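K.L.:
Use the sequences and the hints to build the structure in full.
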Amino acid sequence: MDTVVLLTLTGLGLGALYFLVASGLSLIFGLMDVLNFAHGALLSVGAYATWWAASGHLPGAGSGGLGFVLAVLFGVVVGTLAAIVLELVVVRPLYTRPREQVLATVGVSLAVPALLSGIWGTDPLTFPGPEALKSTVGVLGASVPANRLVLIAAAVLVWAGLKLFLDRTRHGLVVRAGVEDRAMVTALGIDVRKAFTLVFAIGGAAAALGGALGGLYFGSVDPGQGTSLLIFAFVVVVTGGMGSVTGAAVASVVIGLVQQFANYYTTAGLGDLAVVVLLAALLLVRPRGLTGRLA
Amino acid sequence: MSPGRTARTVPTARPAEGGPLLAVRGLRVLIGGRHILHGVDLDVAAQGVTALLGRNGAGKTTTVRGVLGLVPRTGSVLLDGEETVGLATHTLVRRGIGYAPEDRGVFAGLTVAENLRLAERGDGEPDYALVHELFPELLTRARQAAGTLSGGQQQMVAIGRTLLNGNRLIIADEPTKGLAPKVVTEVTSVLERAAEAVPVLLVEQNLAMVRRLATHCAVLADGRTAHQGPAAALLGDPEATRRLLGVGRAPSPAIPPTTADDAAGAGRSDRTEADL
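Protein chains in written order, with our numbering: chain A, 1 to 295; chain B, 1 to 276.
None of these hints come from the bench; they were simulated from the model. Heads up, a few of these hints could be off.
Derived pair list, reagent style SDA-like, types lysine to any residue, alpha-carbon separation capped at 25 Å [claimed, not checked]: (1) Lys194(A) - Thr148(B); (2) Lys194(A) - Ala88(B); (3) Lys194(A) - Val85(B); (4) Lys134(A) - Leu70(A); (5) Lys194(A) - Gly122(B); (6) Lys194(A) - Thr84(B); (7) Lys163(A) - Asp191(A); (8) Lys163(A) - Ala201(A); (9) Lys163(A) - Ala113(B); (10) Lys163(A) - Arg141(B); (11) Lys163(A) - Ala142(B); (12) Lys134(A) - Val4(A); (13) Lys163(A) - Leu257(A); (14) Lys194(A) - Gly124(B); (15) Lys194(A) - Val71(B); (16) Lys177(B) - Ala183(A); (17) Lys194(A) - Glu125(B); (18) Lys163(A) - Ala108(B); (19) Lys163(A) - Ala145(B); (20) Lys194(A) - Gly86(B); (21) Lys194(A) - Gly56(A); (22) Lys194(A) - Glu114(B); (23) Lys177(B) - Trp52(A); (24) Lys134(A) - Glu114(B); (25) Lys163(A) - Gln144(B); (26) Lys194(A) - Gly39(B); (27) Lys194(A) - Arg141(B); (28) Lys194(A) - Gly96(B); (29) Lys194(A) - Lys177(B); (30) Lys163(A) - Gly86(B); (31) Lys163(A) - Leu110(B); (32) Lys177(B) - Glu180(A); (33) Lys134(A) - Trp52(A); (34) Lys194(A) - Arg95(B); (35) Lys177(B) - Thr148(B); (36) Lys134(A) - Gly118(A).
The following label-pair restraints were derived from C-beta to C-beta distances [stated by the list, open to error]: (37) Asp191(A) - Leu30(B): 54 to 62 Å; (38) Asp103(B) - Leu66(A): 53 to 61 Å; (39) Gly33(B) - Gly121(A): 48 to 56 Å; (40) Gly118(A) - Gly57(B): 52 to 60 Å.
In this text the structure is predicted, and so the values were computed from the model without any measurement. C-beta atoms are modelled at their ideal positions from N, C-alpha and C, and glycine is treated no differently.
P.N.:
What follows is the structure, encoded as structure tokens:
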């Protein structure tokens with residue numbers, strides 16, 4: 001029983017990490033038809049910025065208590081700014097040339113890890129964090145790492161915040177309409193490109209938060225983390241349906257759980273494969289994913 | 001005589017006072033390396049309904065999309081004397097254009113109220129009273145997803161969005177396409193009433209509706225303007241109607257919309273959708 005509880009909660013923690021990356025990826029694809037391969041790089045930027053701040057480089061920030069909260073905030077802000085720059089400088093000039101746009105984001109996804117290893121080296125760096133989050137918490141007889149619970153809580157908050165933004169605000173309405181029919185939104189007199197930048201900023205913030213909390217999850221940061229998480233985030237986006245935040249949430253949970261249980265009960269590594277097989281099976285039955293439109 | 005040459009010899013219609021509200025000159029649209037429009041000239045009168053006519057594939061919808069900048073275009077489009085080619089679509093629209101596209105452009109996953117709210121421009125009070133007076137159903141179905149509406153109700157959403165902002169010009173692209181006769185009559189009445197206050201550019205295949213509403217008309221053929229002039233002159237001339245629009249026999253102008261299908265339904269074969 002306690003094994004099942006442990007695997008469920010760690011699986012949900014993994015799913016939460018996927019959701020933080022996939023939610024932005026899904027909105028960006030849904031609204032702009034942009035496959036943002038640089039999204040993993042945004043996660044890495046958030047992770048390194050948080051690590052940098054928590055290691056004592058940022059005045060006031062540190063590895064414990066409020067200092068760590070400040071470090072995470074710093075990471076999120078840096079990741080958000082990086083996403084805005086990415087949209088304005090790399091993605092925006094290429095909206096009429098989708099192929100070049102994909103290549104440009106792939107280029108960024110290679111350049112950022114290279115830059116990070118150039119400055120801080122290729123070895124994993126120990127991620128500082130509050131002692132409380134490195135311990136375990138007893139849940140129904142299972143000892144669950146506290147950082148998994150923090151990740152789950154953060155993902156639920158991000159999901160609720162995104163739902164509120166999409167359902168209750170004017171900008172959210174424009175994003176939902178833009179996912180359906182971008183041209184018609186402009187024909188109603190709305191500058192849809194402002195929504196593009198906004199969605200990139202939101203996606204960047206969520207990915208950077210994923211990077212900061214992913215540092216706790218893995219205990220370290222390394223330049224390739226973002227890229228390896230991006231693959232599973234893409235699986236989540238396709239499974240959940242492009243442009244659907246709730247679809248991404250459901251798919252994240254399913255993928256995280258399947259991966260965790262399969263890795264434990266079969267051979268380690270088979271869970272990662274199972275996820276891809278699951279995706280293929282789903283696409284055969286429902287080409288639109290769980291909820292969204294056809295890619 | 002090719003339609004291209006007639007374009008230059010036909011005098012353009014101008015309202016008595018002042019110039020046209022919208023003056024399109026030499027509009028060219030190139031899509032996928034192929035010219036869809038070869039130089040369309042079109043005046044939208046400052047009052048009444050200007051009908052844009054022509055057979056399927058003549059370039060009517062492309063002209064409208066070109067005017068709005070929804071497709072890359074060259075040429076000149078003057079709105080009240082100001083050049084608009086080069087403006088982004090949203091900037092142009094905010095100068096006072098309401099657009100109801102051919103496919104209605106309704107956001108299926110959004111509610112009726114949300115569809116209308118998207119058309120708000122934040123400058124001035126949106127006229128919901130007018131929209132709900134003309135289409136009471138849009139109020140009772142405010143929380144219904146637009147994708148679950150009938151074609152006629154979706155068209156009401158599309159036209160309602162154009163009436164919200166006190167626009168200077170309304171562009172309606174085949175607003176009666178695929179609608180039941182009863183709804184066609186309703187849409188026609190609403191546009192007739194709207195046109196009392198705002199000039200309308202109407203793309204339409206339903207000639208009975210055109211007869212009832214149009215004060216001016218322009219005819220396109222093969223991506224060029226083949227004719228422009230007062231509506232009565234063209235529609236009252238059976239020979240010109242047949243030559244320019246390919247309508248077999250010209251009906252009398254008094255035929256009401258619901259019975260005019262056999263005579264006026266040139267190119268219409270989609271009036272099967274059950275509505276309301």
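K.L.:
Each hint should be assessed against the structure and marked as holding or not.
P.N.:
Hint check results:
no.	hint	in the structure
1	Lys194(A) - Thr148(B)	violated, 30 Å
2	Lys194(A) - Ala88(B)	holds, 13 Å
3	Lys194(A) - Val85(B)	holds, 22 Å
4	Lys134(A) - Leu70(A)	holds, 18 Å
5	Lys194(A) - Gly122(B)	holds, 16 Å
6	Lys194(A) - Thr84(B)	holds, 21 Å
7	Lys163(A) - Asp191(A)	holds, 22 Å
8	Lys163(A) - Ala201(A)	holds, 16 Å
9	Lys163(A) - Ala113(B)	holds, 18 Å
10	Lys163(A) - Arg141(B)	holds, 23 Å
11	Lys163(A) - Ala142(B)	holds, 21 Å
12	Lys134(A) - Val4(A)	holds, 21 Å
13	Lys163(A) - Leu257(A)	holds, 23 Å
14	Lys194(A) - Gly124(B)	holds, 22 Å
15	Lys194(A) - Val71(B)	holds, 20 Å
16	Lys177(B) - Ala183(A)	holds, 21 Å
17	Lys194(A) - Glu125(B)	holds, 23 Å
18	Lys163(A) - Ala108(B)	holds, 19 Å
19	Lys163(A) - Ala145(B)	holds, 18 Å
20	Lys194(A) - Gly86(B)	holds, 19 Å
21	Lys194(A) - Gly56(A)	violated, 36 Å
22	Lys194(A) - Glu114(B)	holds, 19 Å
23	Lys177(B) - Trp52(A)	violated, 62 Å
24	Lys134(A) - Glu114(B)	violated, 46 Å
25	Lys163(A) - Gln144(B)	holds, 19 Å
26	Lys194(A) - Gly39(B)	violated, 33 Å
27	Lys194(A) - Arg141(B)	violated, 30 Å
28	Lys194(A) - Gly96(B)	holds, 21 Å
29	Lys194(A) - Lys177(B)	violated, 34 Å
30	Lys163(A) - Gly86(B)	violated, 37 Å
31	Lys163(A) - Leu110(B)	holds, 14 Å
32	Lys177(B) - Glu180(A)	holds, 22 Å
33	Lys134(A) - Trp52(A)	holds, 19 Å
34	Lys194(A) - Arg95(B)	holds, 19 Å
35	Lys177(B) - Thr148(B)	holds, 18 Å
36	Lys134(A) - Gly118(A)	violated, 29 Å
37	Asp191(A) - Leu30(B): 54 to 62 Å	violated, 25 Å
38	Asp103(B) - Leu66(A): 53 to 61 Å	holds, 54 Å
39	Gly33(B) - Gly121(A): 48 to 56 Å	holds, 51 Å
40	Gly118(A) - Gly57(B): 52 to 60 Å	holds, 58 Å
When held up to the earlier numbered hints, the structure conflicts with 1, 21, 23, 24, 26, 27, 29, 30, 36, 37 and fits the remainder.
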